[in-house]
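I would like the entire structure built from these sequences, with the hints used as guidance.
Protein chains: 2
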Amino acid sequence: MKTDVMCTLVALQASLRAALTNDMVLTDTEEMLRFCRDWHGDVTSSAVAVLRPRSTEDVAAAVRACRELGVSIVPQGGNTGLVLGSIPDRPESQVVLSLERMSAIRNIDADDFSAVVEAGCILSELKDRIAEKNMYFPLALGAQGSCHIGGNVSTNAGGINVLRYGMTRELVLGLEVVLPDGTIFNGLSTLRKDNRGIDLKQLFIGAEGTLGIITAVSIKLMPFPDQVATALLGLNSLEDAIKLYRRARRDCSDLMSAFEFMPPLAFVLAREAIPDLPMPIAGDYPAYVLMEISGSGLVDIADLMERFLGSVMEDGLVVDGVIAASQAQARNLWLFREGMNEGQAKRGPHMRTDISVPLHRLADFVRDAEQAVSEALPDCISVSYGHVGDGNVHLNVLPPSGSSPDEAAAKIYKAKAVVNRVLDGYDGSISAEHGIGRLKRADFEERLAPSRRALLTALKQAIDPSMVMNPGCQLNFPGIS
Amino acid sequence: MKTDVMCTLVALQASLRAALTNDMVLTDTEEMLRFCRDWHGDVTSSAVAVLRPRSTEDVAAAVRACRELGVSIVPQGGNTGLVLGSIPDRPESQVVLSLERMSAIRNIDADDFSAVVEAGCILSELKDRIAEKNMYFPLALGAQGSCHIGGNVSTNAGGINVLRYGMTRELVLGLEVVLPDGTIFNGLSTLRKDNRGIDLKQLFIGAEGTLGIITAVSIKLMPFPDQVATALLGLNSLEDAIKLYRRARRDCSDLMSAFEFMPPLAFVLAREAIPDLPMPIAGDYPAYVLMEISGSGLVDIADLMERFLGSVMEDGLVVDGVIAASQAQARNLWLFREGMNEGQAKRGPHMRTDISVPLHRLADFVRDAEQAVSEALPDCISVSYGHVGDGNVHLNVLPPSGSSPDEAAAKIYKAKAVVNRVLDGYDGSISAEHGIGRLKRADFEERLAPSRRALLTALKQAIDPSMVMNPGCQLNFPGIS
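Chains as they are written, first to last, in UniProt numbering: chain R, 1 to 481; chain L, 1 to 481.
Rather than coming from a laboratory, the hints here were simulated on the basis of the structure. Be a bit skeptical, because a hint or two may be false.
For chains that are exact copies, the list does not tell them apart, and a pair is met inside one copy or across any two.
[Stated by the list, open to error] With a straight-line cut-off of 20 Å between C-alpha atoms, the simulated SDA-like cross-links for lysine to any residue are:
1. 416 / 371
2. 220 / 170
3. 127 / 22
4. 220 / 243
5. 346 / 409
6. 220 / 169
7. 243 / 400
8. 133 / 332
9. 220 / 166
10. 133 / 246
11. 243 / 315
12. 416 / 427
13. 220 / 122
What follows is the structure in structure tokens.
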């Protein structure tokens, strides 16, 4: 680092400390590290400082101080994002603002089917506290032991229950947001219906911190689903899995809460990560579905699952299957889904995608994309799995074992181009649930229609004209100050 | 009308005819009348012209022509709105742009659980066409035989199924919008999950045409609920009705599709409108609930309803009840709910509200508001009913029969002030589902927080700086051109 840059940095850090309570400002490089490295550990950056406010007023003060100093802010929740949305890319002029100290649950109201919670609350803790009141918050994703509810809202997180309960957007009743000018938008209502003009909170959901900092959230709660039936099914093809999904929606009256597709390789990968994992189904099948039906009260969910499987097996849509007889067995079935991810990670760097296409084109897309990969990269392996009921597939590509980092990187780069080229013919999305962040910005911008770019630019200009909020995330805005 | 205004008007009309295909422009006062009178017939306005485009390109051309002529546009769907959002208030400088000729259903895809439809399609026609494919679009409201899907989206319509399926916003997958600069925003995707940056379509949902003109919509479809159980229940109080709602959500595993609260007066009013309507329950009760559970496939909905009612009647939460034994009987039960509205209309002008409060405060609010009305207006009658599961109550006030129009108007004015004053203490909304339009603009502006006003102004300035889109609706923006 050059001396003059160092001087600027030290001066900025001193100014932040002078402007804010000392306890809020972290500048020690070692201490800052965990805030500046991404979830996968692929990227390590740095920052002018890490700010750790304890209250909404602290956040507002931080925003005002940063504006005055010409420093921009990268808001950060649990830092579990997969697209580098909460890691600085301009360390000399960016601070990380972590919400981790704002983790209070302000209220859980079972009678109102709602809760109000600060942005920094860890999702699994929130869910546990809600469950204590026999209520349920359905957002469920791999990172739930670390991610924050504020980050979930800011990225409009998806996960395994979207088919039943929708994306995070559909679970949000209200928001408190610190705006780029340091004022506070107070919209922590718990009203289920409120048509007083344009619904401003929608702007901040999925904006990845580019229009303001979400400091608290009010959310919808559901009755706790005390009955859950989980089954692992063997099928003849992805096409059959999609047919099964359609039939399950109708036959199970939309009480299905998860429907995950996995290829045969899932078991191989899962056992590479968890060697003792018992094999749940005897035979080998070209396709597997992990399916969950859940409910509460007077509906007999176990009976529904049994009758449904009886019917689809009689029709040959499902070849073999096992229904978990206990919570422990259900947990083991889910371990395959989760172990598959760990197994991929153990094989080293690989290409991860997060693609959605219209449901009726999903099987064609996977076939075309896997074929294109095998033609362009014959020594790589494709693994396609995911939330197929939502049209969302994670089509990943694993370089051969023993690849050097450079070789792997080259193959990943090529694989991404190959898959995206196929995707462009399918009216699909390069980001179904992970967001854009900095990782997918170039791919996003490349595909952005002029009318959308114009609207996004007008919006940014209107709400954050001085570009204090997460510049470099989602989109670059040349021409704005 | 003064001569110079007339000249301007005729000149504007001629210019519109010159700029647009002649067939698109309606200027005959008689022919324009139905586009310039509101649903209730309370307000009759006029316009420079009524434009009736046949295509998205027509709409874009109309927007460009209006901008050039300095004429603003009031977009109109089925003109069934209740808040004067689609009726001109500046007839000398506004045109109505009706979407009625853009009514094509572009696609219904049962395999994708989606449909794509033009804005001017009548809701009930859309639902019927969808039902032919054994699919279901759950939006349901009184005006469905006349309202347009574009208007539903533009106003984020609610209705009776919100408790299960959400507001219109949650049913929208994509939008096509003509923007205020005449460009076309093409977002007619049917993807269920798409986190490519800020979700721009959210801006136009519920904006009541103030940011652009919705020309087509892609929507979510569900399996058709071929089992429906309908029951009318007698209870001891609104408090018990709310307890029943909470219990029903849990016991029926959120398969409840309607839960309407009615006071005893509902039956009196309904029979004033439909004298032959049979009385479904023998006794008189302080509170009634019309409840519907629905589903498809292997879940036995009739059995669920029976077991649920058995259980809540045993506990004394429900005193008496009747389950419809046929579709015709179910229809009769719904006629009470609908007849109650007609009965109110027959009694002449009255105050209508569309209020929401947090669910756990609903009973207190209704008690306080009704008491305040009876103190301030002892000769008026309050009728509180509605979608109580959503915290949404229509607390209406009927002036005494025989009131002169002026007397009635004075009482309505006073009743509104009284109810709104109570509401302000309850963190409620003056518009749960009807929107703001022009009717509620003053009440909305009066209660608008500065940070919200600033954001709404910035948004309007960013997207519609020349104020061509529905000025006077929702909010006035002094200082914008």
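Outcome of the hint check:
1. 416 / 371: Answer is within; shortest intra-copy Cα gap is 14 Å, inter-copy 66 Å.
2. 220 / 170: both (9 Å within a copy, 14 Å between copies)
3. 127 / 22: Answer is neither; intra-copy 33 Å and inter-copy 61 Å both fail.
4. 220 / 243: Close across copies (18 Å), not inside one copy (31 Å); limit 20 Å.
5. 346 / 409: within (16 Å within a copy, 75 Å between copies)
6. 220 / 169: both (10 Å within a copy, 16 Å between copies)
7. 243 / 400: So residue 243 and residue 400 fail the 20 Å test inside a copy (33 Å) and across (60 Å) alike.
8. 133 / 332: Neither: 27 Å inside a copy, 39 Å across copies.
9. 220 / 166: both (12 Å within a copy, 12 Å between copies)
10. 133 / 246: Intra 34 Å, inter 14 Å, cutoff 20 Å: inter-copy only.
11. 243 / 315: Close inside one copy (12 Å), not across copies (43 Å); limit 20 Å.
12. 416 / 427: within (17 Å within a copy, 50 Å between copies)
13. 220 / 122: Close inside one copy (17 Å), not across copies (31 Å); limit 20 Å.
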